[in-house]
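A.B. asks: Between the sequences and the hints, there should be enough to build the whole structure, so can you do that?
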Amino acid sequence: MSMLTIGWIGVGSLFGLLALRMSIGIALMIVSFVGIAVMLNTTAAFGIVSALPFSFIGNWSLTAIPMFLLMGFIAANTGLTNGVFNLLKLLLARVPGGLASASVGACGLFAAASGSSIATTAAMSRIAVPEMLRAKYHPSLATGVVAASGTLGSLIPPSILMVLYGIFTEQSIGQLFIAGVIPGVISALIYIAMITVRCAFNPELAPRSVEVFDTARFFHLLSSVWPFPVLIMGVLGGIFGGFFTPTEAGAIGATLAILIASLRRSLTWEAMRSAIRQTVVATSSIFFLSIGAIMFTRFMGLSGVPGALTDAMLSVSDDKIVIILMVAGLFVILGMVIDSIGLMLLTLPVLLPVLEGADINLIWFGIITIKLLEIGLVTPPVGLNLYVLHSALAGKVKLGDIMSGTTWFIAMDLLTLILLIAFPALSLFLPSLMAN
Amino acid sequence: MDRAFRKLTHGLMLVGGLGIILMMLNITLDVILKVFWNAPIQGTVEISSYYYMVAIVMLPMAMVEYDDEQISVDLLFNHFPAWLKQTSLLITFIATAGMLSVMTWRTGLDAVRAFIVGQVVMGSREIIVWPARCMLPLGFGLAAVAAIMRIVMLLLGRPVTKIHETDSIT
Chain H
0 MSMLTIGWIG
10 VGSLFGLLAL
20 RMSIGIALMI
30 VSFVGIAVML
40 NTTAAFGIVS
50 ALPFSFIGNW
60 SLTAIPMFLL
70 MGFIAANTGL
80 TNGVFNLLKL
90 LLARVPGGLA
100 SASVGACGLF
110 AAASGSSIAT
120 TAAMSRIAVP
130 EMLRAKYHPS
140 LATGVVAASG
150 TLGSLIPPSI
160 LMVLYGIFTE
170 QSIGQLFIAG
180 VIPGVISALI
190 YIAMITVRCA
200 FNPELAPRSV
210 EVFDTARFFH
220 LLSSVWPFPV
230 LIMGVLGGIF
240 GGFFTPTEAG
250 AIGATLAILI
260 ASLRRSLTWE
270 AMRSAIRQTV
280 VATSSIFFLS
290 IGAIMFTRFM
300 GLSGVPGALT
310 DAMLSVSDDK
320 IVIILMVAGL
330 FVILGMVIDS
340 IGLMLLTLPV
350 LLPVLEGADI
360 NLIWFGIITI
370 KLLEIGLVTP
380 PVGLNLYVLH
390 SALAGKVKLG
400 DIMSGTTWFI
410 AMDLLTLILL
420 IAFPALSLFL
430 PSLMAN
Chain A
0 MDRAFRKLTH
10 GLMLVGGLGI
20 ILMMLNITLD
30 VILKVFWNAP
40 IQGTVEISSY
50 YYMVAIVMLP
60 MAMVEYDDEQ
70 ISVDLLFNHF
80 PAWLKQTSLL
90 ITFIATAGML
100 SVMTWRTGLD
110 AVRAFIVGQV
120 VMGSREIIVW
130 PARCMLPLGF
140 GLAAVAAIMR
150 IVMLLLGRPV
160 TKIHETDSIT
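In the order they appear, the protein sequences are chains H and A.
Mapping the first sequence onto numbering that gives the first Met the number 0, position 261 (from 1) lands on 260, and the numbers just tick up by one.
Mapping the second sequence onto numbering that gives the first Met the number 0, position 95 (from 1) lands on 94, and the numbers just tick up by one.
Mixed in with the good hints, there may be bad ones.
A few chain H residues facing chain A, derived, Cβ under 7 Å [stated by the list, open to error]:
1) Ser22
2) Ile29
3) Trp59
4) Pro65
5) Ser284
6) Phe286
Just so you have them, the derived chain A footprint on chain H, three or more residues with Cβ under 8 Å [to be verified]:
7) 40 to 51
8) 251 to 261
9) 272 to 278
10) 337 to 344
Pairs of lysine to aspartate or glutamate, DMTMM-like flavour, derived with a Cα cap of 25 Å [as the list claims (entries may be wrong)]:
11) Lys395/H x Glu203/H
12) Lys395/H x Asp73/A
13) Lys397/H x Asp73/A
14) Lys6/A x Glu203/H
Treat the hints as calculated values from the structure; they're not laboratory data.
Ideal Cβ placement from N, Cα and C applies to all residues, glycine included.
C.D. replies: Rendered as structure tokens:
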């Protein structure tokens, strides 16, 4: 049996094991271990088991992952977002669908303090959705907007997905972070435009607010949003101003979040304990999966599967756009059944050589990948964000309503995606400034 | 037995949590000292990568396995009939215990080797790494035990899966 055949059998068995609900990490480890043992010998297989985990965990850049997770969970558990949402709510009170647009804005800002879409969605669902339901917004709009805007968490820096992508593709994490800013803002603006137009034509979706603009209240709210600019400037300003690296920024951000929460007297022991537990569990499970992915990368490399796939795809067309569209199709389909980190780490070992073969800019592709993975987060049946919302609202809104509410937003995401693919400069302009 | 093991895994998770806080403080202090006084804390990179991170990843691993918090795909599984669910879980747990045992054994051998030669990493300061290397067999080993405990729980008909939506990530 040729190495290539063993490689393809490995890919096939991987999906078989995943169907049994085996954890993605273990499935990757087993397939890689057995695959290398069959292809070469057991000594080589034992070699990857002993060498890879320690050298992978001991990668300085990866320390950013627990730190950004901690920052996001602390911001979420201590209600750092409430002030921003209330301020935007007041400013957009007279705009059709103003509450929904305020939710998009608050999600976008929260995303700048959180590296994770799930944390963003969970935090905003507790604040924004009940408010919209009270204002008699249609439940599918009220939930759809938060499920979709929560995905800004990974596109707007900092971002756990970008850190992992940067490590696996050997791209600069700082450049990826800054590349995500414009696409993130565009996504949010397109959402807001769609909400405004829809609600203007169909006022039943979102009854007009009767709230009058009150200057005193405006200034009062303005004074309560200071934590946000401080946190965002502290983290992103520090990275792009060159005071510290994206890796160090995570620790600075987490420390700042704790300081701000204690100044606002919202740092309870319970909030802290729960943030730490969430961070530890998330970190350990992400790394477990990543160790599997790194072993799988080695197995794939030895088998020659990525090379064969590269040849096959390049023989269809060597046009960058065609290749990106093929990869996008693959992500959208697989994204329906596999969650974002898993999908990215499963596919990169195979796809990376294809992208390099077609000479595709990996920063640009990174942003497109993350946008695609984020669409996967809100597409049923395995749209994690849908379930996060559903459980955060304790079943007050039907899952079907949440799903139908995201349809419009997914359509807008596809529009954003077309823009990102058609105009690489949207992603690459800011990094090019940084490089000079 | 069950409760003692749960306490142990929970305790190790808390040590991992302590690692997170220590790493945060260490890196923050290092940046502040570097930016303002140009006096970084020697060895921050090495200690963070080899000690804090290894502790944060490895020590909670048993709890993550035991509490069914690993990332998996349950789309097809949810539509399985009961007997197939049980069979899938049994195969999964046995395979998990087996793979983790291999990991424990090999990383254990490495830890012993590192201890014997007194392995160090060179950075701004020399740092011994065998204590960090010992955390790998400890983490993988206890996670293997957790998988075995789940086999027993499954055979006794006790719940072994949980719906965990909000604790997941990105």
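A.B. asks: If a hint holds in the structure, say so; if it doesn't, say that too.
C.D. replies: Going through the hints against the structure:
The beta carbon of Ser22/H comes within 4 Å of a beta carbon in chain A, closer than 7 Å, and the hint placing it at the interface holds. At about 5 Å, the closest approach between the beta carbon of Ile29/H and any beta carbon in chain A falls short of 7 Å, and the interface hint on this residue holds. Taken as an interface hint, Trp59/H checks out: its beta carbon lies about 5 Å from the nearest beta carbon of chain A, inside 7 Å. Taking 7 Å as the C-beta contact cut-off toward chain A, the hint placing Pro65/H at the interface holds, the least distance being around 5 Å.
Against a cut-off of 7 Å between C-beta atoms, the interface hint on Ser284/H holds, since the closest Cβ of chain A lies about 5 Å away. With a cut of 7 Å, the hint placing Phe286/H at the interface with chain A holds, because the nearest CB-to-CB distance is about 4 Å. Interface restraint, the stretch 40 to 51 of chain H with chain A: holds (3 residues with C-beta to C-beta distance below 8 Å; minimum three). Counting residues of the stretch 251 to 261 of chain H whose C-beta sits closer than 8 Å to any C-beta of chain A gives 3, which meets the bar of three, so the coverage hint holds.
Residues of the stretch 272 to 278 of chain H lying with their CB closer than 8 Å to a CB of chain A number 4, which satisfies the three-residue condition for coverage. Counting residues of the stretch 337 to 344 of chain H whose C-beta lies closer than 8 Å to any C-beta of chain A gives 5; at least three are required, and the coverage claim holds. Between the alpha carbons of Lys395/H and Glu203/H the distance comes to roughly 20 Å, so the proposed pair stays at or under 25 Å and holds. Annotation: proposed proximity of Lys395/H to Asp73/A holds, straight-line Cα distance about 24 Å (limit 25 Å).
Restraint check for Lys397/H and Asp73/A: the C-alpha separation of about 20 Å stays at or below 25 Å, so the hint holds. Only pairs whose Cα atoms come within 25 Å are accepted, and Lys6/A paired with Glu203/H is rejected, the gap being roughly 53 Å.
When held up to the earlier numbered hints, the structure conflicts with hint 14 and nothing else.
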